[in-house]
Structure formats: structure tokens, C-alpha cells
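Trainee: One letter stands for each residue in the lines below.
Protein chains: 2
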Amino acid sequence: MKAHTANIKDVTISSRFWNKYRKLVRKEILNYQWEVMNDQIEGAPKSHCIENFRIAAGEKNGKFYGAVFQDSDAAKWLEAAAYCLEEQPDEELKRRADELISLIGRAQQPDGYFNTYYILEDPLGRFTNLREGHELYTLGHMIEAAVAYSRATQEQKFLEIVCRMADLVCETFGKEEGKRTGMPGHPEIELALVKLYDATGKKRYLELAKYFVDVRGTGEKNYFLEEMKRPGQKFLFPELSDYCPEFAQAHLPVREQKTAEGHAVRAVYLYCAMADLAEKYKDRELFNACETLMENIVSKRMYVTGGIGSSGILERFTTDYDLPNEYGYSESCASIGLALFARRMLLITKDGAYGDIMERALYNTVLAGISQDGKHFFYVNPLSCWPESCMERTSKEHVKSIRQKWFGVACCPANISRTLASLGEYIYSYEKDTLYLNLFVAGSVSVMLESGETELEIRTDFPWSNKVEIEVKRAGVSGCAKLAVRIPEYAEAFHVEKTSGENDLPADIRIEKGYAYFPCEAGTVYTVLFGKEEGSFRPRFLHANPEVREDAGKVCIACGPLIYAAEEADNGKYLSSVYVDTSKPPRIHWEDILGGTLVIEADGKKIVRENWKSPELYAEHDEKLKDIKMTFIPYAYWNNRGEGEMEVWVKEYPDF
Amino acid sequence: MKAHTANIKDVTISSRFWNKYRKLVRKEILNYQWEVMNDQIEGAPKSHCIENFRIAAGEKNGKFYGAVFQDSDAAKWLEAAAYCLEEQPDEELKRRADELISLIGRAQQPDGYFNTYYILEDPLGRFTNLREGHELYTLGHMIEAAVAYSRATQEQKFLEIVCRMADLVCETFGKEEGKRTGMPGHPEIELALVKLYDATGKKRYLELAKYFVDVRGTGEKNYFLEEMKRPGQKFLFPELSDYCPEFAQAHLPVREQKTAEGHAVRAVYLYCAMADLAEKYKDRELFNACETLMENIVSKRMYVTGGIGSSGILERFTTDYDLPNEYGYSESCASIGLALFARRMLLITKDGAYGDIMERALYNTVLAGISQDGKHFFYVNPLSCWPESCMERTSKEHVKSIRQKWFGVACCPANISRTLASLGEYIYSYEKDTLYLNLFVAGSVSVMLESGETELEIRTDFPWSNKVEIEVKRAGVSGCAKLAVRIPEYAEAFHVEKTSGENDLPADIRIEKGYAYFPCEAGTVYTVLFGKEEGSFRPRFLHANPEVREDAGKVCIACGPLIYAAEEADNGKYLSSVYVDTSKPPRIHWEDILGGTLVIEADGKKIVRENWKSPELYAEHDEKLKDIKMTFIPYAYWNNRGEGEMEVWVKEYPDF
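Chains as they are written, first to last, in the UniProt record's numbering: chain A, 1 to 656; chain B, 1 to 656.
In short, the hints are calculated from the structure, not lab data. Hints are not guaranteed to be accurate.
Straight-line Cα separation of at most 27 Å, DSSO-like style, residue types lysine-lysine; simulated pairs [unchecked claim]:
#	chain 1	residue 1	chain 2	residue 2
1	B	K63	A	K234
2	A	K234	B	K229
3	B	K282	B	K2
4	B	K613	A	K513
5	A	K258	B	K573
Here chain A stands alone, though its shape is the one from the complex (with noise of 0.2 Å):
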């Protein structure tokens, strides 16, 4: 049984960590993302999203513009929109979304089919390109999207636009006679159709997504290289001329796919809802897969940041331990959809392993893709950087040494507003009577258990300190009611104190799957420290499996859950020239950079060539080495005071 997640309008978070981030969702990026949307915004380049439905609509002469996924822009501002608008009352947003919501009805066609590329650009030409035209990724978008709406809104406008064109997709495909057989180049409609069918309780939505899973990588003839072959196909991404299937996880059938492979958003959307099927089918070979496929993902092809896809180059898996920490992608929608990916497998099995990987990604390369102004976004966030080198027309060119305004393909900066603004989704879930608590993030939650209503305060300044505090405000009638809290990976120390009630460990605590569990009893406030004693994480030296050939001598400071970075704004040029001293522990203090963070500091030391001669390029010369003090911030927090070199991974003085 899957433990149900807590929905954002029953969740508050008050957390400053989180906060700082979650405040200019609302404030700064719905807004931008909006006027973006409505090529307001001057030297951006030009969206025409929402003049593309005004087009289709026939309200607007003109040419579609944009990348054939342009629409799914709307969506995701939708489902972002939608999410705030769960959490709390806005009424010009709110007049925003019905808006576009209304222009959307406007552009459908009788059918119920809606993508304005297609209408414009290429009307008979539906469907005919799954591999790249993005329809059904698009449909994915605006169905989340709709679903988050109806939740917030209980309006159902948005939810009977899209299940018109879903119902259309229904029609259409499946291994049914006179249904045609396919499936998306980009995977997404499934995980939506999942939710649509949550929302509907229409079992054809589940049934749809059942056959997407199901269809891919089967056949005699693979689906893609066969559509290419179609007379009068358009070839619309250079880069996919030369397919190849793995790049959409249509090279063997997903049951009996062992390794994560191509284009890394879409295997963990794909996997998302493999986990969301295997599930609701109580399928136990596609839950299997999951897990080897996330084995694979978290034990050979992570970075330490929770990003995955190594090749800039098809934005793509590669090969176990191939982790470039210069040239890779990491894409940030990635690491969203890994996260996700590991929401559901934690849902489903209530490992709290699976709350590390979630963690991982969020607390690292989910934030590294926004800045902290809410202005900027990273789509590909490497672990190392010298600014000089990402040049465009180069191996580098898909890195950008600094976050951009906006891209002309903007899934990123969308796809971390929409993360943000569901946060409250990861915190909590339950089942039966018992209520998870997974990430730590202050605030509250309320949940109906079967024992009855329950209500936790969360008091935590997590992850900048090691104690959290649950108050129990109220829990179900029978006693019954049960409290499990995820203990971390990095927990050096698990304890509990019932520091209201009887000022005892209870009794009854149980370990199991990496969670805690204790009863939850109204009045009583439980202290959880990760440690053995209370203040900061401790910083931890961490070093890569020997496999990681990028990372050999080399370590990187975690502490907590957040992986730190030395940059040049604290250390200077050169951060390659440097070795830590990991014989001498590093020390943490407060700073109030960075919009407030823990800093480490630790012992180095520098290679000193100031008596190179330059203009030499290749000599024999003498090393020296100079002690230094090296300091290191949240790797998230990288790029925001200027262009610079970062590390993120830093060589280790071999004195051991």
C-alpha cells in the first residue's frame, strides 16, 4: 500500500531555509515568468507563449513561435500558480490562471485536441511525430497542471479541458483494434495520466498510462526508428537525426531495463510512473525495475549533488561512475524528476533511503538551478567551474559559468517555481495511522489518520541545525495514532526526548527502514536530534567510490544534507592549485552572507609558482605549498556573488 501524500493547503512551512526560496516563487517568479510569458519583458528572448493560444484561438493573426513544447511553459506557470493558490488566497494570480485557463479552452479544437504548434504549424501532422514533437509531453504538463488546479480551486474548467484531449489520446492509442500504437519520445503523460485518473477515477486515464509503459521498447521493430522511416516525416531537433532508442528508453521493454540510460529527465519521469503502475497494479516485476533502476542511478551515475545525466551532449546517462564534474549536464529538472522519482519509491515502501535521494536533490542541485533572487536559473549545474573555459561553440558550450534571465527552452527555471511551490508534497505522507514525517522542514501539518484528525508543529532551524522539534497538537481519538520520522543518512546519532508529558525516551520506539517510529499522542512535544549532542550536522570529508575515476584523491564537505562547494569569492583563483587537509576536522560558523548560511572552514594548503616563468607553458620546476584556509559554502548557494571558479570536489593533502 502506498502511504498518501499530504496535500499543500493542509501543510504550513515557515522554514527560513526554505523560505527564502519559496517567498520569490510567489513574489518574484510568477510574476516574471507571467510577463515572459506575455514577451513583456524587455532583452528577454521572445516566448510568445500566450500570443501562440491567442493565435490557435483565432483571436490574433500570426505565426506560432517557439519551440514545439512552447505551451507546456503555460502549463507548468499553471500548476505552479495552482499550488500557491492551494497554500493561500491570491486573487490576481488567481485572475491570471483562469485567464490563461480560459484562452487554453478557447484554443481547443472540437475534438478536444490543443497544442499550438500543431494547430498552427503543422495541423495534419498530429501524433505523426511522438519522437519529437512533444504533444503528449505537452498534454502531460497541462494535465498535472489542471489536476494541482482543481485541488486548489475545486473549480473544474481546467480538469474537463484537458480530459477532452485525453480522452482524444485514449481514442487514439492502444494496443485495441483501430487504436493506433505509439507512445511519447518524451515521457510525462503517464505519470500525469496517473493523476488525472486520481482525480477523475476515470480508469481509462490509468489504463492509457498502463499501455505507454507497457508499449515502450517492445516490438519487433522499435516505434521511433520506424516513424522516421514514415513518408513525409519532419525532422525537427538536428541533434536526433541519427536516434538512437535508448535516448527515450525505447531500447528494451522497461521491465527488463537493468540501467538508467538516455536522456536523463526523461527516464525518471518514464520511472515515475513505472513506480506510480507498478503500485496501483500491485505489479511486482515493473516495482522491481524500479528499484535496479534506481539502484543504478543512486550507486554509479549520481553525483554527490543529486544530479544525474553526464553527457552535455544529448543531455543524457552514460556509463557507470562517469561523473565529469566540469563538462557534465545535471540538468536541474533532472534532479526535480529524480526527486520525484524517489517521492514515489519512499511512498511506496517507506524506505527512508528513498528520503535521501529526495533530499539529496532538492537540498542540492534542485536549489543550485535558482538564484537568490529568483531572477536566474542554471539548467546544467557542474561541480566545477572555471569561467573562462565554458565558452560557447565548444565541448563546454552547454555549461554556463553563470545562472541566465531566462531560456528559450525554459523548462528549468518553471519546473523549480512548480517544485518550490509544492514543497509541503515532500514532507509529509501517511497511511492508516501512521504520519511520516520525511524532510524537516519547519512548520505544520493536518491529516485525517483513521484514528482520527492529527495535527504536528514542526520547530527546526534544519539543515542549519541537528534538532527537530514535533509538537503532537492533536492525534486521533483511539491512541492509536503513530509518528514515524526518517532518520538520515547522515545522522551520527539518533535521540528522542518527550520533553512535555513524562521526560522519557518512549518505550516503544521502533526502528525500521531507516525511520523511527513512536506513538503520537496529542500534547506531547518529542526533541529529535540527528546527533549526540545539539548544534550544527557535523561536517563530513566524503569520497567517491574508487570506480569514480573524476574524483580519485579528491573529497567533498557534506554537512547535513547539503553538499558544500568552495568558490573564489572566499578563496581566490586557482581552486584546482588546492589541497584540504582532511587530518584536521573543519570548523562551522555562522555567517550572514549568502542570505545567511553555515560556512565551513577548513586547513589547506596552496601550490605557490609565484616565481614560474611565465611566459613558459611546460617546465621543470619546484613545488612549493603554502598553508591556507579554505572556505566552503552550501554548493547551492554557488554563483551568487559573481562569476568564479567553484569546486566542488577538492584534491585531498595525501598525507595519510
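Given chain A's structure and the hints, the job is docking chain B onto it.
Mentor: For chain B alone, kept in the frame of chain A given last:
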């Protein structure tokens, strides 16, 4: 005044180091290439090169197949064949060459034009796509081949063929009224036209070369960008659709270029012509540009192996000190071009430093391009290799971890074979009464100095030995002949002994710009030592300039002109977990592996993590080091014992 090059027919080479490769050219490569061009090799990618000429000549039916510059394979084959014929007659080889030349002649159009792609595929498109069409590039290689062939055979037929097309190009392009503006997208014809001028004495060829060089990067609108806008313009290379003038060194007038930019092969071929023209026209400004560009390459943009071009995308120069070891490009052809450019600068300046550059490129990257069986080739020459990560359709798709049999774009194999076949041209040069010894290659030379016929015999086991014996077999009658011996940058000392005649250092030895000048008297034997005592060169640990982020904390080993590398075959896997202990002197000894080579052994330490808890990807862990012995072999010889890891730059144990 530029020094003259000794002709190949007047040079013999007995060096075991070089002849190991050179004999492959005649015995293996030319045969193999011939069969490839004739589509006689099963399993090799279709070439169709000869067939294209037959079809263009109207002797066969069929369609053009191959790259737009497919004809250049024939040209490079002919050029290499010509050098072999110049060195030593070979009836069968000459028969093949004549057959091919005759075929080219029959494919030539009445107006002199020949290029099978344009004749067959786009007869109206001649000279309309200079950016991508490679017609002038291909003609350049034909001219080089024809000049070499006429010198080797004293037969004019091939020269007449290329002159007819060169005349057509002269009539087509130029600044005179009625002529078209334009320049080749891929420089090459410029340097070839200078050779054609030298061979024919016809000034128009030199003037055309000068026109092409002078017009590049001038004008208010960039030629190539304008060309792209012309109606009906074809686009041959998708990667060039977003054209950037830097790619073809057309961003600035050549005299204003200060940094080496764009496609590396194009760049150095252009610089060769600039050097040639600077000398022919006594153009100081052009010469200064050559010096500046070479200085930029050598002090900021060149791998220690003499490789150039750091980006796999567009095979281009990137920025100063950006020299990634794993995913750079460092094309074999680019190093050949660098050697050609350096040779020209050496002839002009008589500055031994240019000899160092030429030698570095030839002994390292150029030789690394070819396997010891002569049948496999590298296009891309990485300085670090972890084979598993060199995957197609990734950011490292351009890097192959094993030499390839042949290539769709076959420039490198043919370029390497013409370079090996013409090695005689690199060794000696002469001017007035001075005979220059530029490279230390056992053999002999005979040239006509102003004072008369002069003949040397060079006895050396260089690069395995630091001793070079020079016997003056004949010298001019006036007694004023001089010998100039390059003193390479890595010479630890320079010691000359007359081992016949008087047993003393000649009193009038003079050292200037990297050359030692002394009398060249018949009957004298000079024994030159590039060290304090006879033996092998001392292995040197080299550091890179601190600006090279990639190589910080690393060393490489050089010995004489050779850069060494550590290979998995000798050192096992996990080369990135190894530290060299530079406080202990490395040892050198002969081994019969790899056809015989000096092998360098060094002390080192290796990170051992037997107790790493797999499948953990990241963990706190105490590192341990164990002492190891490391073995290094010449970089040029890597990858001749199967696929495996390789590192040129190895971590240095930092106990300094």
C-alpha cells in the same frame, strides 16, 4: 632570407626510431589506402574515391559518394607516393600513381575545373559555397601532390593538370575588376599556391595566394555570413549552420589576429601560408602576425604533446590555458599543421625554438596518430583516457579509446603518411654556406652550398641517445662552409668534440638563437652531446603553467623530445588514483616492448581502498596509500597493447 629545404632525394634516413614507421608507409599504408580508395577492403567504410573520378570522367555510370572533399584522399595519397618515389624508385607505385593522375586528367572539365563532388552533384554550384564546399582546399592538396610528383619524377603531366585549374581559380578570384571576392572556408590552397609558384615560377599563383590571405576577415560584411544568405545556398554541414567567422579565421584581417582561433587545422594551414608570403613579399607586418600567433599557441594553447585544438565541438581552439586532457581534440592533422608552420618559421628565422615546436609535434602527437602496425589511426589524441567513458552520442563522442581502422573523413591517416614520407624535408636546411641540422635523425644529406657540394653523415640513436655524430663527408672547396646544429630546449649541456682531425672543440663555435655554428670541414667528425655525458636523455618531470587549471598538482615525464605516458598495460587500472613521487629520481632502461623503447620507471603511491563498502557511491572513508613502482612509455606508443587507461599528466605526491 629563408633557408632552403634539402630535397628528399638528397636525404637518406637510417634512424631505427623513424624507419619503424616510415617503412610502414611504403609497405602498408599506401597499399592499404590504395585499396580503400578503390573499395577493395572488406569491412572498411566505403570510400568511392576512385570511383567518383571514373564517374566524373564519364567512364562509369553512378552517383558521387562520400564527403565533399573526398578527392583530397587521392591527393594526399599521391603526395605521399610522390615522396616515396622521390626517395626511391618503385615501378608498381609509380604505375598506380600514373594511373590515378591520368584518371584525374580525364575527369578534368574543358575549362580546367576538377572536383568530383561539384562535377557530379552540383555542377552549377561551383565556387558558390566556399564556406563548406572544400573545392579550394581539395585543389590545394592536389597542387601539393603535383608539385611533389613533378619533383620526384621530373614529369609535368600532373603539374599541368593542377595548373589548368589553378589558372581557372586565378581568373575567377581576385581584386581585379570582373573577378569575384572570396576565400576558402578551409585554408590550404594558399600554402599550395606558394609551392606551385616555386615549382613553376608563375607569379600569378603567388599573387592569388596573397589575395586569399589578404582578403580574409576584411570588408564591412563577413564574406561567409553573406554567402550563407545567398538564395539557393546549400548547407552541407549541420554543425556549421550557426556559422561563426572565427571558425575559419575570418573574424579579423589576418595581420590583426593576435590569438589562434577557430578550427585548429584551418588555422595552422593559414598561418603556414602567411609565413610563406611574409617571406616572399618581405612583409614584416604579416611576419609579426605569424610570430604573435605562434607565441599564443606555444605559450597558451598547446598540449605538452604538441597537440592543438581543445574542443571536440568544431575541433577548435578555445581560450588561453584551456587544455582538457580527457575530452580535448588535439587532432593529428592539427599537429602536422603546427609542425609545418613551425618549419616555415624555422626556415625564415633560423631560430631553434621553432625546431623545438616542430619536433614536439612530430615526436608526440603526429606519431601517436598511427599504430605500430601502420593500420590504425587516431584522429583525436587525448592526454588521458578511461576507455569506458569514451562513448558515442556523449560529450566525449569524438574521443576514441582505440585507434580506428579507417575513417569516413579520412584526412588524418593520409596526412600522417605524407608527413612520414616527407620527413627528409624536416631534418636539414641550408642557406648560403650554412647547412642546418634541425632534427637528429640518423642518415645522410647532400646539398649544394654556395661553396660547393656538401655531404654529411649523421650517426645517432636519437631520441634514445643524447649523442649525435656528424661526419662531414664532403665540404665546399672554399673552406667557408658552416654547420649549424640545433640545441634543443631539453639539452642539459652542449658539448662538441672533434673526434677526428684535432681533438678539440673548434675555437670558433658560436651559439645563436638555439643553434651552434661551427666549421664544416671535410673529413671532420663532430661528436655532439646534449648532456654532460653520453647516454640517454635525463627524464624530466614537467609542470604546466599554473594558469592551466587542468594540470595543477600534476606532472608529466619528458625525456628528450618524447613525452611519456602511464598506461594500464604496465600500471594496472585506476591511474587517477596514483601519485608520482617526484622527490625520487626516475630510472630509465631499454625494453624490447613496443618495438623497442626506453622505459621510465618512477616511484609512486597509490590510493588503496580495498575496504570500500560497495555499492556506496559516496562515503566517509579513511584513505590509505601504498608504495608502487610506475612505468611510463612514450606517449606516441600508447594504445598499442589493447585498450586501457592512460595518463600523460599524473598526480604529484605533494610532500614538497
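Trainee: Taking each numbered hint in turn, which are not upheld by the structure, reported in ascending numerical order?
Mentor: Structure breaks no hint.
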